[in-house]
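Enquirer: Numbering of the sequence shown is given in this note's numbering, commencing with residue 1 and proceeding in unit increments.
Hint data in this document are derived by calculation from the structure and do not stem from the laboratory. Computed from a predicted structure; not experimentally measured. Mixed in with the good hints there might be a few duds.
[Claimed, not checked] Pairs of lysine to aspartate or glutamate residues, derived as DMTMM-like cross-links and limited to a Cα-Cα distance of at most 20 angstroms, are as follows:
| no. | residue 1 | residue 2 |
| --- | --- | --- |
| 1 | K171 | D211 |
| 2 | K130 | D172 |
| 3 | K131 | E86 |
| 4 | K171 | E79 |
| 5 | K171 | E146 |
| 6 | K131 | E196 |
| 7 | K160 | E183 |
| 8 | K131 | E161 |
| 9 | K115 | D172 |
| 10 | K115 | E161 |
| 11 | K160 | E93 |
| 12 | K153 | E93 |
| 13 | K160 | D172 |
| 14 | K171 | E136 |
| 15 | K153 | E196 |
| 16 | K153 | E194 |
| 17 | K171 | E161 |
| 18 | K131 | E110 |
| 19 | K124 | E196 |
| 20 | K131 | E146 |
| 21 | K131 | E191 |
| 22 | K153 | E79 |
| 23 | K130 | E86 |
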Amino acid sequence: MSPTDDRAAVLRRRALFLGSTLAALGSCQKGGAPAETAQGPVVAVPEGEAEDAGVDPDAATLPTREAGPRPRGNLPSLEIPAGISETARSNYENLVARMTRAHGVLDEIESMAPKCSMTACEDKWALVAKKLFELEDSFGFFYGCEGSSEQAKAFAVRQKEHMDFYQARRKDVETWLTGLLGEQGWARLQELLEQERFANPRPCLSIACMDW
């Protein structure tokens, strides 16, 4: 056999060996990728960066909020006026109780929001979704009957001040959460919130109002 024929035979044997090796490796993947890598390629994390794994890159650029209640700015008055009717007093008491609860839940959300991505700790973000549902639920049966009296008009002004302040604060918190999670993480948080709504349906009530 000539040197050329020997070289060709060696190359053929190497090709067969390489082909069988690749086939064996390919057979290991027939069961599918592990759940944690099925959505994309596996990326090796350099040593020393493990503690940063799962943290949303965008979150690092956001100002962190101190744990516990934040200053609430110009929170409208929670004082109940003196010398008012029983109906007016009941409406003020309900307003104070509802707003106190709502801002308390917002405080909890701000203090408990995880400093990691939805992918890394969805179980912790699920607790935030429960708090968001609690916030919605606190207004589930929030209604007020308008009245023609001066007391009723004064209450309507106070109620609007509180609702405007609450809506602005909630929007601020939601904007902060969206920044922590990114658009996809925020969308997943809304799905978790929808699951809470589905698990806790609210009855529909019809309320008859009387002038006061």
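Enquirer: So, for every hint listed, does it hold in this structure?
Expert: Hint-by-hint comparison with the structure:
1. Between the alpha carbons of K171 and D211 the distance comes to roughly 33 angstroms, so the proposed pair goes past 20 angstroms and is violated.
2. Taken as a hint, the K130 and D172 pair is honoured in the structure, with Cα atoms around 19 angstroms apart against an allowance of 20 angstroms.
3. The hinted pair formed by K131 and E86 fails the criterion: a straight-line CA distance of about 33 angstroms is larger than 20 angstroms.
4. At most 20 angstroms may separate the alpha-carbon atoms for a hinted pair to count; K171 and E79 exceed this at roughly 25 angstroms.
5. For the hint pairing K171 with E146, the CA-to-CA distance comes to about 27 angstroms; that exceeds 20 angstroms, so the pair is violated.
6. This hinted pair checks out: K131 and E196 have alpha carbons roughly 10 angstroms apart, not beyond 20 angstroms.
7. Restraint check: the Cα-Cα separation between K160 and E183 comes to about 31 angstroms, which exceeds 20 angstroms; the hinted pair is violated.
8. Of the pairs offered as hints, the one joining K131 and E161 is violated, with about 24 angstroms between alpha carbons and a cut-off of 20 angstroms exceeded.
9. With a C-alpha separation of about 17 angstroms, the suggested pair K115 and D172 falls inside the 20 angstroms cut-off, and the hint holds.
10. This hinted pair does not check out: K115 and E161 have alpha carbons roughly 33 angstroms apart, beyond 20 angstroms.
11. As the CA atoms of K160 and E93 are separated by approximately 15 angstroms, the hinted pair is consistent with the 20 angstroms bound.
12. Using a Cα cut-off of 20 angstroms, the hinted pair K153 and E93 holds, with the two alpha carbons roughly 16 angstroms apart.
13. A distance of roughly 18 angstroms separates the Cα atoms of K160 and D172; the hinted pair therefore holds under the 20 angstroms criterion.
14. For the hint linking K171 to E136, the alpha-carbon distance of about 13 angstroms falls within 20 angstroms, and the restraint holds.
15. Only pairs whose Cα atoms come within 20 angstroms are accepted, and K153 paired with E196 is rejected, the gap being roughly 36 angstroms.
16. Distance hint between K153 and E194 is unfulfilled; the C-alpha atoms sit about 36 angstroms from each other, more than 20 angstroms.
17. About 16 angstroms separates the Cα atoms of K171 and E161, which keeps this hinted pair within 20 angstroms; it holds.
18. A hinted pair counts as satisfied when its Cα atoms are at most 20 angstroms apart, and K131 with E110 qualifies at roughly 10 angstroms.
19. In summary, the hint linking K124 to E196 is supported, as the alpha carbons are separated by about 15 angstroms, within the 20 angstroms threshold.
20. Restraint check for K131 and E146: the C-alpha separation of about 30 angstroms exceeds 20 angstroms, so the hint is violated.
21. With a C-alpha separation of about 14 angstroms, the suggested pair K131 and E191 falls inside the 20 angstroms cut-off, and the hint holds.
22. For the proposed pair K153 and E79, the alpha carbon gap of about 16 angstroms is at most 20 angstroms, so the pair holds.
23. This hinted pair does not check out: K130 and E86 have alpha carbons roughly 35 angstroms apart, beyond 20 angstroms.
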